[in-house]
Every structure is written in structure tokens, then in C-alpha cells.
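Generate coordinates for the entire structure from the input sequences, incorporating the hints supplied.
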Amino acid sequence: MAAETNRRAWMSLLAKAPAERLRVLWDAQSFAPEFNWLRAPEIGATMVRGRTGGTGAPFNLGEMTVTRCSLQLASGEVGHGYVQGRDKDKAKLAALVDALMQGDKADVVKATVLEPLEKAMLDARETRAAKAAATKVDFFTMVRGED
Amino acid sequence: MYVAVKGGERAIDNAHAWLAEERRGSLDVAELSIAQIREQLALAVNRVMAEGSLYDPDLAALAIKQARGDMIEAIFLIRAYRTTLPRFGYSNPIDTADMACDRRISATFKDAPGGQVLGPTFDYTHRLLDFALAAEGEVPEAPQGQARTEPTPHITGFLNREGLIQTEDENDDVPGDLTREPLELPADRALRLQSLTRGDEGFVLGMAYSTQRGYARNHAFVGELRIGKVEVEMDIPELGFAIDIGEIEVTECETVNQFAGSKTEPPQFTRGYGLVFGQSERKSISMALVDRALRWKELGEDNMGAPAQDEEFVLYHSDNIQATGFLEHIKLPHYVDFQSELELIRKLRREAMGEVQEAAE
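Going down the list, the protein sequences come from chains P and G. Here the numbering used here is used: the first residue of the first sequence is 1, the next is one more, and so on. Here the numbering used here is used: the first residue of the second sequence is 1001, the next is one more, and so on.
Since the hints were made in silico from the structure, they are not lab data. Nothing false has been slipped in among the hints.
Taking lysine-lysine pairs in the DSSO-like style, the calculated list, with each CA pair at most 30 Å apart, reads:
1) P:Lys-119 / P:Lys-131
2) P:Lys-16 / P:Lys-88
3) G:Lys-1229 / P:Lys-131
4) G:Lys-1229 / P:Lys-136
5) G:Lys-1229 / G:Lys-1065
6) G:Lys-1331 / G:Lys-1347
7) P:Lys-16 / P:Lys-105
8) G:Lys-1229 / P:Lys-16
9) P:Lys-16 / P:Lys-119
10) G:Lys-1065 / G:Lys-1331
11) G:Lys-1229 / P:Lys-110
12) P:Lys-16 / P:Lys-136
13) P:Lys-88 / G:Lys-1065
14) G:Lys-1065 / P:Lys-16
15) G:Lys-1229 / P:Lys-88
16) P:Lys-131 / G:Lys-1110
17) P:Lys-88 / P:Lys-105
18) P:Lys-136 / G:Lys-1110
19) P:Lys-119 / G:Lys-1229
20) P:Lys-88 / P:Lys-110
21) G:Lys-1229 / G:Lys-1110
Some chain P residues well away from chain G (every beta-carbon gap over 12 Å; in silico):
22) Phe-31
23) Pro-33
24) Trp-37
25) Glu-115
Predicted model, so just to flag it, every value in this text is computed and none were measured. Heads up, the beta-carbon is just placed ideally off N, CA and C, and yes, glycines get one too.
This is the structure in C-alpha cells:
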């Protein structure tokens, strides 16, 4: 269960990560593992659903673009990439990271790719939240000069 | 009736070449990049994503560039592109209670938990042209406050606690999908919402405004309006569990409207709902008002004969791609159709003139 939770977390992180940032972090290392495609990168769409009133019955809101692929490392691990947008290279990197995270390089990949990605995304999120907080209204009542 | 006529190829090719040149405009001016459109015309990009019904800011920016800023043409390009994409599946419903809010306001509760957060809004600007923008310059960084990390609760949740507002029917029924099955009437609420969220902003705004002016009068308070990012989660069959496949910006509007009640239920506020891709505040409020007006039957209200209550009228005319396709086709050659009309009018005139002559004799 913990393994599934971890994998869910890193795959979710990779799906949302800015492609450029992922490429830079990947290129800074020299993993370059050998692999075979199980499913070559493919661009498609997912229909996004919302809920009526935020909590009620589901409805179809509209689609978003997604790129996916699957590959197998020479060492046997199978990696899947599911990423937002139309970027076959990003999907490949996501699948490679997913596969490497299942092998003996997991700690290095985590430290050099996943953790910096996560930190960058949390920082970006925190900055937006801080700017939003600065626009929060502080109501006060004027003293009306009555006794 | 259309008849194939040859002979236009050269004219068409040359027209397209000229279009490309006009699109580029004066070569003395730098060319727009897709990234510039995406970053600096973000609300136009949002509208193209919402009405094109495909969330992809780069594609929407490209469409705007290709369409020379004609929004409906850009939406058309996106709709055409999306039909070429294989469908990987359906997401789990997004959880707007978990939104990272850039903006969150309530017109009904001043002291709502989470506060009134204005965000990057045009509200309270004086709508005076800012000539400083005509010159290039650095923008000072926006001030920062103490970031909120906990989720922002929905306002309707508080009203629900007292039973003052109708609760939404919580279920996981599979909703109908307009992109798979043609719209048939009567449409349930899920189909109406899908249709409205991709409907033309101007049309939905006009319909919503008509309800405010008294056609199907149903006074709405904006219980809550929130804009921000939500995660999109999908079950991945090869994994056997769900992951986030991305993050999208949406605008959500919940209206609080006047009452419904019955012999068994005491009076309660009713609700309208708007949810739109991107920062699309006007569209989202409009959607909520029209959603509420279309609910007259299920809430046991009278049909006032108002356009906004007529689901056939609203849903069959809200799609700007259908509308513009049918509207604009009348400029294409109808030579044979028109030839028969010409013959008919000549015949009618001959007969009428003959009658005049007979009467004169």
C-alpha cells in the first residue's frame, strides 16, 4: 500500500511538473538507461468532470490534452508516463523516472529529480497563495462619532 | 443546394497567401509568439479553451494567432483539433473545495471563513485607459501576505448546516456526454451544464441578463465565486489506481436564489451553478443564472414563457460553432438555388402583369 501511495505521488508530481524544469533536472544527471517502448508516446484527451454545485452529481466539463507512453528498462522495470499537455519528450522522461524509481537508482532519482521538482512547485504555489493573501479584505467599522 | 463548380482554385490559393500576409501585418513590427499570447492575453486564451472545450493554453494561443484574434474562428480551430484526439478516458470529478484559490469572494457573507480574497481582479479599477501600458516598462512585484495552506470551505456548506438551502443530489451516475451523443431534449441538468460551460459567452451573458431584467425573474445572490487551480485525477487501468494527470484553472460560481418548498419541505434557498475553464468570471456567473432559470420544472415553478426557461431555445442556440457554421454557410455559392428563385419570381411577375393587363382591357 505504501509503495502504491509513493508511486501515485511521484507520477502525479511528474504529470504536473513544468516540462522545462524536468528536462533540466534530468539532463543534469547521466542516467540514460536502455529501454524498449511498450507503447510509444501518444497524444490524446481526457474528459474532465465536475460536480453539480461542487458536491452533487457529475457532469462533463470539457477535455484536456494528455500525453502517455509506457516503456521497459533493460533491467526489467516497467515505467508509465501520463503527463498534462502535448509533450512526447516529457512523457518519455516521466516514464523513465517512474521505471528508475522502482530500481536501485531510486534514491538518486528521488534526490536529484523528484525532490527539486516538488520544491519548485510548492514554492510557486506558496508564492501565489501569498499574493492572494495580500488581497484579502480586512473589514473595519468606522467610528461614527456617536456616544 | 450545392453544386461542384470548378475554376476557383487559383483564386483560393491566392486568397490564402494574402490572408497569411495580412495575418503577419507590417514587417516593421515584431511577430507575436505563442508564449506572448499565452502569458499576456491569458483571458482570451481562457475563453478559447472554455468554448473550444479543450484545456491546453498553448494550443488556444496558437489558435488565436492563426485566427488573427477572431475568437469564434479560434474556438472553431480548437473544436476541429479536439476531434482528432483519441479519448484516454474520463477524470474523476474535480474537487473544487480543494482549490488553491487566487480569488474567492462572497456577496452574501462578509465574514466567510477563508475571507474575501480579491485576487487579480479588474473590479475597483476605474476603467480609464492606462497610457503607461503603451510604453514598455517593468511591473513592480505584487505584495505578499501570509499564505493560507488549509482548504477554503464552500459558503453553501454553512447554509446547508442549517438546512436553509437545497442540497445537491449526491451520486456518481455516469453523466451524458454531448461530444459522444447528439443533444436530445429534455436534457438533464448534467447535459445542460456541459452545454452551458462550452456555450458562447455573449449568448449565455445575454440570457442571464434577461433573467435579471424580469424574464423568468429569479433574483440571484452570488453566494460564492472562486478562481484557482484544481488537480485532475484519473484512474489508470494499467496501474490499477488513480493519479493526478494535471492541474487546471477553473472559475466556479454558486448562486443562492429564492425559495422552493412544498407541503412536506419547509421553504429553502435554491441554487444555480457555474463552472468554467480558466479565469472566466462573467461566463461563470452567467452560467449559474441560466442554470437556475432552466431548473423551473424540477423546482415546481411556473413557466413564464421566458426565453431563459426554454431549454430548447437556450441549448440549441448557445453553441457559437454550430451557429456560425449555419449562419456563414449562406455566403457560399447557392447559384442553382437562386436560379430557381429567379425563374419563380419572373413567372409570378408575368402572371401579375398579365392580370393587370387583363383588368385594364
